[in-house]
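Heads up, the sequence shown is in the numbering used here, so the first residue is 1 and it goes up one at a time.
Among the hints, a few may not be true.
Quick list of simulated restraints, FRET-style, between CB atoms [claimed, not checked]:
(1) D163 - Y267: 22 to 30 Å
(2) R540 - T419: 33 to 41 Å
(3) A456 - R381: 37 to 45 Å
Bear in mind the hints are in silico, worked out from the structure with no lab data behind them. What you are looking at is a predicted structure, and each value in this text was computed from that prediction instead of being measured. Just so you know, even glycine gets a beta-carbon here, dropped at the ideal spot from N, CA and C.
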Amino acid sequence: MWKQVLVVFLAVAVFVAMLPVREATTSPFASPAFEQIWLRDQNGLLDLWGQGPLAWRLEPYADAPSGRRLVQYFDRGRMELTSEAGSTRTLVTQGRLAWELTTGQIALGSDLTARRPPPDISIDGGSPDPRVPTYAALARLVGQPATDRTGWPQPIDQWLTADGTLRTATPPAPVRMGRFVTTTRHNLPDVTVALFDRSPLGATAWLETFGYPISEPVWAYYRRGNVAIPALVQVFERRILLYFPSLPADQRFTVANTGRHYYRWRYSSEPTAPWPAPLPGTPLPLDVPTHFRAGLLLDGVRDPIDLTLAPDGNLLVLTASGTMLLVTAEDSQGRASRLTTFASGFLAPRGVVASGGWVYVADDRGLIRLRDDDGDGIADRTELLPVDLRPLPGPTGAPVVDERGRLVLAATTTDAPETPLLYVIEDRRASPLGPVPGHLVRLFTWGELLLAVTQAEGEPASVLRLTASEDPSASRPLLDFPPDVVLSSGIVYTVPLWADPIPGTWLFCGTRNGSGVVLRALPRSDAQSAELAPFVTGLRRPVALAIGLDGTIYIADAGTGQVVKLVPTLRSSR
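All chains, full assembly: derive it from the sequences and hints.
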């Protein structure tokens with residue numbers, strides 16, 4: 001049965017091999033596809049990206065496999081590796097960064113956003129200047145549809161200040177409207193129309209690179225070097241285009257550094273580190289492997305029972321009392337600095353998982369889904385799914401989700417209260433998958449594989465692979481544990497960022513001889529067994545695990561009321 005597991009392991013290994021070498025002193029391209037786009041666009045009349053790549057990250061995106069996608073930032077934009085709908089193929093898309101910066105909506109999926117105020121960052125990236133507008137000032141222009149002004153004899157004479165005030169004044173050049181874009185109801189100036197008609201981007205259409213215009217063109221000051229000069233500014237979905245009539249003809253058009261400015265706004269830091277550099281929080285005296293650091297993210301949590309990542313990539317903590325906390329910010333050490341109560345009032349909650357922009361909780365009432373629509377860290381919508389399911393008690397009834405977004409729950413129904421089954425929930429409908437394995441401790445998934453930790457009282461724990469066509473009681477265990485180990489939960493490390501843990505590492509938490517531990521396992525090359533080894537010791541009673549987008553391992557320790565972080569630090573080449 002390890003053969004199916006190894007297929008997934010090898011697929012992940014192929015993806016990892018495409019990632020950049022981590023001993024480079026400058027940021028490498030995160031994907032060969034990104035480098036191809038960058039090289040292609042070097043032949044155009046406009047510099048669309050800047051000198052080279054900046055930071056790359058895995059970012060949350062509800063419509064991507066496993067809810068995340070690989071992105072790379074450049075001075076003037078962002079590239080995204082996006083999966084095609086209904087296909088395993090990927091394509092490179094360009095982020096709508098100018099739209100996000102000026103609307104304050106961070107895209108976390110095709111219909112999911114997190115909201116924050118547009119930044120008071122000057123669009124030229126310099127220090128505050130009353131003549132240079134900020135992104136917050138441009139926000140006043142965005143989304144205000146205009147009338148068709150093509151053919152009007154009057155030149156553009158609107159000026160924008162740093163605070164977003166529009167005034168009428170003499171323009172530095174007689175630029176007029178040249179084309180009306182009906183899709184967003186905005187005018188393009190004649191100089192921009194002439195530029196686009198020259199195919200300045202080579203074979204690439206301007207719409208692919210800039211997106212639609214989302215503001216009218218206005219005059220403003222913009223610093224070239226240290227000198228502020230008049231420029232015609234227009235916001236498009238992906239970039240901000242600037243025209244300088246006073247400069248030589250081959251220097252009159254440029255693109256603002258929206259990639260760098262966006263990164264600064266979203267992450268409150270400059271994109272100086274080429275790859276994620278997670279911080280461990282307050283140091284803790286735990287025994288961890290070389291090249292790892294352990295620290296405290298959060299303490300004072302009474303009876304934590306489960307962890308998961310919210311759709312925005314932040315950590316959710318579910319407690320036995322029915323409260324769910326969301327960590328929305330960390331301090332300079334990596335410790336939680338801001339919390340919200342995402343939701344409360346759950347009745348004997350079993351566990352929590354996120355999928356497709358929703359957070360799912362199983363409790364006495366059934367399966368509940370919640371969503372934060374305005375990005376304030378508090379659920380705005382709560383809905384009890386109309387499925388007649390009663391989750392099994394404790395972590396046995398915790399929901400899990402596979403990479404296709406299918407929820408699986410161990411539950412009974414009103415008609416068969418004594419017959420627990422595994423149910424797959426898709427499109428708000430539940431279908432039986434098969435019997436619940438005996439002595440189930442907890443379910444977990446890897447890709448599309450459904451796995452189960454089982455352990456009878458006083459007996460060694462095992463891991464089983466579950467299928468609809470096979471009775472779990474007849475399944476040969478994929479992994480057996482020593483008799484002194486009592487397990488609480490399992491998870492698979494799938495983040496392809498670090499040399500250790502490698503993607504495909506299995507992590508299990510519980511106790512060993514009464515002390516809290518995290519164990520790790522890797523399949524052997526013979527596909528018949530796994531190598532089991534201690535990973536973290538010195539915990540009290542760990543009950544749940546989660547993996548952050550940056551590779552951080554989160555551990556909920558119910559014995560101390562803490563959420564512990566374990567961060568990898570090894571950077572080695574492959």
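State the violated hints by number, sorted upward, taking the hints as numbered earlier in the document.
none
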